[in-house]
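> One-letter residues, chain by chain:
Number of protein chains: 2
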Amino acid sequence: MIGADVRNLLSANDRIAAANRERFARWGAYVVNLMSAPGAGKTTILERTLTALHGRYRLAVIEGDVRGSYDRDRLRAVADVPVLQINTEVAYGGECHLDALMIANGIADVDLPGTDLIFIENVGNLVCPAEFDVGEDSKVMVASVTEGEDKPLKYPLMYSVCEVLLLNKIDIATAVGFDRATFLINCRSVNPALTVIDVSARTGEGIPTWLNWLTSNIPARS
Amino acid sequence: MIGADVRNLLSANDRIAAANRERFARWGAYVVNLMSAPGAGKTTILERTLTALHGRYRLAVIEGDVRGSYDRDRLRAVADVPVLQINTEVAYGGECHLDALMIANGIADVDLPGTDLIFIENVGNLVCPAEFDVGEDSKVMVASVTEGEDKPLKYPLMYSVCEVLLLNKIDIATAVGFDRATFLINCRSVNPALTVIDVSARTGEGIPTWLNWLTSNIPARS
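Protein chains in written order, with this note's numbering: chain A, 2 to 223; chain B, 2 to 223.
Keep in mind that a hint or two might mislead.
[As the list claims (entries may be wrong)] If you want the footprint, here are the derived chain A segments under chain B, 3+ residues with CB under 8 Å: (1) 35-41; (2) 60-69; (3) 126-133; (4) 150-157.
[Unchecked claim] Which chain B residues stay away from chain A? Per the calculated CB distances, all over 10 Å, these: (5) R16; (6) R22; (7) A26; (8) W28; (9) G29; (10) V67; (11) A80; (12) L85; (13) V91; (14) G107; (15) E148; (16) L154; (17) V162; (18) V177; (19) V197; (20) W214.
In short, the hints are calculated from the structure, not lab data.
Backbone N, C-alpha and C fix where the C-beta goes; we use that ideal spot for every residue, glycine too.
Produce the entire structure from the sequences given, and follow the hints as far as they go.
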């Protein structure tokens, strides 16, 4: 990020994000911005989440990737949920994150009045996605035990802007020598209010706790 | 990345990278730009690499992080090797990658005439570090088996600009259900010439093969 140009860019982003947020609120759609490093398990967690909530809520997903639509295709196979793909390479010059304008363009294709809960799966990156408000209600991150205990200290903005952290692959924590206590100390040092939920997208462990957090935050349908 | 401003920025970066490269060549310093997603294992691989090559080569490391100097401190504990820290948060507005100017500024503090081999540990990110030439001789990436088989297709620029891929945590490939054959097919589809070396920074498996690649690429001392 470089000087005044970028400050203006972020200010423009914030204005568009505010408009997105107003629009989501008007239609009663709760929006989760899901972020992580590459391979932490966002898509697999979404597969479980969509499967569990399908039928109870009217769902939609916005997929952000530099290139390709592999995750969209995976999620479409799970349940009859609309999944929209944003590729940053083609339309947006290869950006390493989603921004509010991309979401504003994307949600033009989402049936907002007919949707209760929208998941935005951001580009896999622990730096810039944290800087760009897209108008979401909640920022949620996934961290994998395989990434190590030091990541909250090295990517402090991401860990500080999120309200929930899904600590994924907890089933192999022992096998990879993950020191959970140290990780939590590091999390708290940058974000004392962070809610940490241990999950395994593979085994399903902890997913009910995540669903409980999620559904208790979604406003009741009017 | 956005339009003409960014094209100018990349062009400016390339000019500075060319000057870095000329300077490295003049002093006979071979430079490796090491990149990966967060937590793939760059630092642990560097610990093993420095330990093995210390005494045989005159080494230096440039550490890139958004914030902190945890990796620098880890590497300094390994061997008597100069390790220089670049924090993108303080001086460079929180950039998600290293660029040629940061390296030009950083190497002012490196004894180039007294150095044979410099490792640049880039910011953990599979997108933007691939876009910025810093004047290195080789781009090397680390991928962890825990990241999944699809990452070459989702981060094609990173996989295509690197000449070597260290496939790390190979000791837990079976435990995490990693499909190596599919991963290699995906690698080849974006970079047919990519050299893939299976390693485990934890057990040391494959590290001799990596060291062999590395030392056979370093020019003989004059």
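> Now tell me if each hint is right for this structure.
Structure-based check of each hint:
no.: 1; hint: 35-41; verdict: holds (count 3)
no.: 2; hint: 60-69; verdict: holds (count 4)
no.: 3; hint: 126-133; verdict: holds (count 5)
no.: 4; hint: 150-157; verdict: holds (count 6)
no.: 5; hint: R16; verdict: 16 Å, holds
no.: 6; hint: R22; verdict: 23 Å, holds
no.: 7; hint: A26; verdict: 29 Å, holds
no.: 8; hint: W28; verdict: 30 Å, holds
no.: 9; hint: G29; verdict: 33 Å, holds
no.: 10; hint: V67; verdict: 6 Å, violated
no.: 11; hint: A80; verdict: 20 Å, holds
no.: 12; hint: L85; verdict: 17 Å, holds
no.: 13; hint: V91; verdict: 12 Å, holds
no.: 14; hint: G107; verdict: 18 Å, holds
no.: 15; hint: E148; verdict: 3 Å, violated
no.: 16; hint: L154; verdict: 5 Å, violated
no.: 17; hint: V162; verdict: 13 Å, holds
no.: 18; hint: V177; verdict: 7 Å, violated
no.: 19; hint: V197; verdict: 17 Å, holds
no.: 20; hint: W214; verdict: 24 Å, holds
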